[in-house]
Amino acid sequence: MARHKNDILQGTLVLLVLKTLDARGPMHGYAITSHIQRVSSDLLRVEEGSLYPALHRMTQDGWLEAEWGTTEKNREAKFYTITTAGQKQLALEEESWTRLRTGVTRVLRYA
Amino acid sequence: MSWLGRLWNHLRDGAVSTEITREMRFHLAERADDLVASGMAPDAAQREARRRFGSLAYQGERTRERDLFGWLDTLIGDVRYAFRALRTAPAFATVAILSLALGIGANTAVFSVINALVLRSLPVNHPEELLAVVRGEGGTIFTNPLWEAIRDRQDVFSGVFATGMTNFNLTTGGEARRVDASMVSGDYFATLGVRPVAGRLIARADDYRGCPAVALLSEGFWSSHYSADPGAIGKSILLDGHPFNIIGVSDGRFFGVSVGQRPQLFVPLCTEKIIRGANSQLDERSSWFLEIVGRPKPGLTRAQIEARFATLAPDIIEATIPSHWPGEGLKYYRSAKFRVDGAARGFSFVRDTYAKALYVLMAIVGLVLLIACANVANLLLARATVRRREMAVRVALGAGRARLARQLITESLLLSSIGAVLGIAFAVWGSRLLVRLLSRGDEGVSLDLGVDPRILLFTIGVATLTGLLFGLVPAWRAGRVDPQAAMKAQGRGVAEGHSRFAMGKALVVAQVALSLVLIVGAGLLIGSWRKLATVDPGFRSEGVLLVQSDIRNTNTPPELRLALHQQMIDAVRRLPGVQSASGSQITPVGGSTWNDEFRTDSFTAKSDKDRMAWVNPVSDGYFRTLDIPILAGRDFDTRDTPTSSKVAIINEAMAKRFFATPAPVGQHFQKQQGDGWSEPIEVVGVVGTTKYRSMRDSAQPIVYFPRAQESPKAQEMAIEVRGTGGTTSLVPSITKAIAGINPNITLDITTLERQLAESLTIPRAIAMLSGFFGAIAVLLATIGLYGVMAYTVARRRNEIGVRIALGAEQSRVVRMVLGEVAAIVIAGVVVGAALSLGVTRLVTSFLYGMKPTDPGTLVWSAVVLVLVGLAAAALPARRAATLDPVAALREE
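As they're listed, the protein sequences go chains P and L. Here our numbering runs 682 ahead of the position in the first sequence, where the first position is 1. With our numbering, letter number 802 in the second sequence gets 783, and the count goes up by one each step, no holes.
Next up, chain P with everything else stripped away, as it sits in the complex (with noise of 0.2 angstroms):
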């Protein structure tokens, strides 16, 4: 599986897209990337041409369901949806980012 060099986010953007879509439902990519823009008051920037990818493979893999739809503005847009499978992802991937981020902090406090 080709893996790229922005993938150092990946890991984390699975866990925010999961997220995102586990509690707001259907949405489509760009307000995926505001959602999260917003909410982590400008702190985290989705790498906006890098969430495509990013959607088609969690759909690939069985996380999200996508669908096509209207907006309020009358556009059409993919909408993705968090399956269960998706949700126990989430369920897993919260967990190791807990992990990391204990591990992480113990050792910068520590060391």
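There could be a bad hint or two in this list.
Unchecked claim - Taking lysine to aspartate or glutamate pairs in the DMTMM-like style, the calculated list, with each CA pair at most 20 angstroms apart, reads:
1. P:Lys755 <-> L:Asp15
2. L:Lys337 <-> L:Glu739
3. L:Lys312 <-> L:Asp296
4. L:Lys694 <-> L:Asp591
5. P:Lys701 <-> P:Asp743
6. P:Lys755 <-> L:Glu739
No lab work stands behind these hints: they were computed from the structure. A quick note: this is a predicted structure, and the numbers were derived from the prediction, not measured.
Knowing the structure of chain P, use the given hints to seat chain L on it.
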């Protein structure tokens, strides 16, 4: 998304691209809108949106790649990884691949023979169009007058031909060298669309009454007898002593229309007259020896063709009526309708005989493959324990359960694919061996066993199915690993270990059960064969030479044939080393039979079959030569001449059925003759009951007539010779003695023992193969059993260590381990016994003197399995008993 869905994406490449572009365009538009809303000029907003997004083309490409090539990429990765995984466990991989190769190979081998014999179409032009002409209830054999009448009157076929198998003797006297040949009518090759490899084929112009003798060689015969020399064409070849002019060579892939036979030569039908002379069957209205096949004119349906035949039938029938037939037969002859049947797969006399045996073999090798599957599944489960850490690491790194399962399925499929590739190689060899095993010496089966798409498809199907069968459960279980527990426990987690263990046990129980079915089947088949091989035939076959003679080439007039035959018998009797000799028309279990209807005053037949008895015209000394006891009365002798009163010797079974007394010497019976009954025939002797047609015969009635009275004009006679020493040493002197009488007499020499053994070829082959595969099954089950027990002992090291430390005796530990094995084996035996009671009924027709539910065989098989099971457990049990408790506990 399913693979299919991805493949679909692949196909509508353009559609995917536009969809992705649409999705990204939407994103850009939204971004631009937001920027405009925050006060940017529309133009600048557009540009800014593009800048932030990065390269639209690049991101689009990456996204598309995910959709299109993601799965292919993953697949290649999976296969590469699977290869690496297998390389790290060479012992496992070898055992798994070999057992799969054997299982898949055996299945492919049996299937290729079934394919060649039953399924495959003839290698000719559009075989599916060919239609065989059928008369009455499926009769495909016609007389030459019927063929000519049909040929001259039909207007439904664009090409139609008749053909019959025969054989020719390549020598002019002495011991015969026979080759199979086809007599073919003129349009044979044109209708089938076969090409010559040298010279020309037989054409319509070669086939007319009074035609010259020409012959076409098969490619095989051309290479073996003429070293494929083109100069052979135009040369002369002697067939049954008649010179034939060689006109060409036919394509080697073509074997005629009889599957299982392979004619070495083809001659025009009209040359039958040259070979048989006055005995020609071309004008005989009751000599049935031709098959008729046609290619219909375009657009004609079978119904139309049959309707046309119905119109033509009265004319055809009237022109060919066998006038001397009795009334009953004529009525049938007149009423028989003509039909047509698909002839794409050709004719086959061996098909029915062998197909049944092959289906039994298919079932056997199918079971072996199932057992191999269980074995590999078990090995995979054992490996799963070893690989728990690896799986845990992958789960921790974010691999989904489906992803892991797919990886493991890929490994399973890789295993079965390698097994299949080796299996095909094994099958190419195995199918040839199979045909050799199934072929009787005198009627060798020749099949085209080349690997064709159907065989490949079969093997791929079997391999995929096997891979899924043994791979699914381990794959499903692998995903359930809990990464944290697995990493911590170093693969000693009790909970998972236990369920994996239960699964492994269940698989071994299944293996034992299936093995039992196979051993019971093998036991029944081997037992039946042994009974058949040792059953008392009523005569003594050891030391008897059979000399099949043919005086056709001597051109002896009918009235002198009896004397010539007597002269031959006398010549053999005079030879040193000959104890006794006799002549007969039929030899026991030799393939040819003769039966007739009989009646006596004291016997009322319940059915037509009841009136039937076997017939054999013999000379004096026949019973002495074969060691058949004369129970009452006398043997034939010089008193019994063609003109003396009619006499017969009957066997005990005949006496019981027709006379209700064991020794009806002096009483009379009648034989069916035309519409009525013959003059009374006197019983002059009663002999012991013998096998006539096959070793499976029950006690059946046989009537022996003096050759002088029943077939004095026959051209063929079998001479039975009992020697004082070895039988084969007599061959040269017999050949010489007969040649001294007339060098044109041809001889086919075999021994009675070989003739009996050849009649048991199929039961013997099936017994051998079922025994072989039964042994393989037991071996696989033993490996499975050993694996599970070794694993149990390893897993319970601590517990056993504690037990020993607390004072448990070695014998107790051994008993504990063996007890577990016994439980598994007994569970397997119980399931297997129930299964085999249902399954063995399928081989009933191959059994002799045994019921499919034979309790002895079942018990015997169970005992074998239990013993083998205990042997498999011996090593692990020993290891457990001699465990050093200190070492075991320190590991904790």
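Review point. For which of the previously enumerated hints does the structure constitute a violation, in increasing order of number?
Key: 4 and 6
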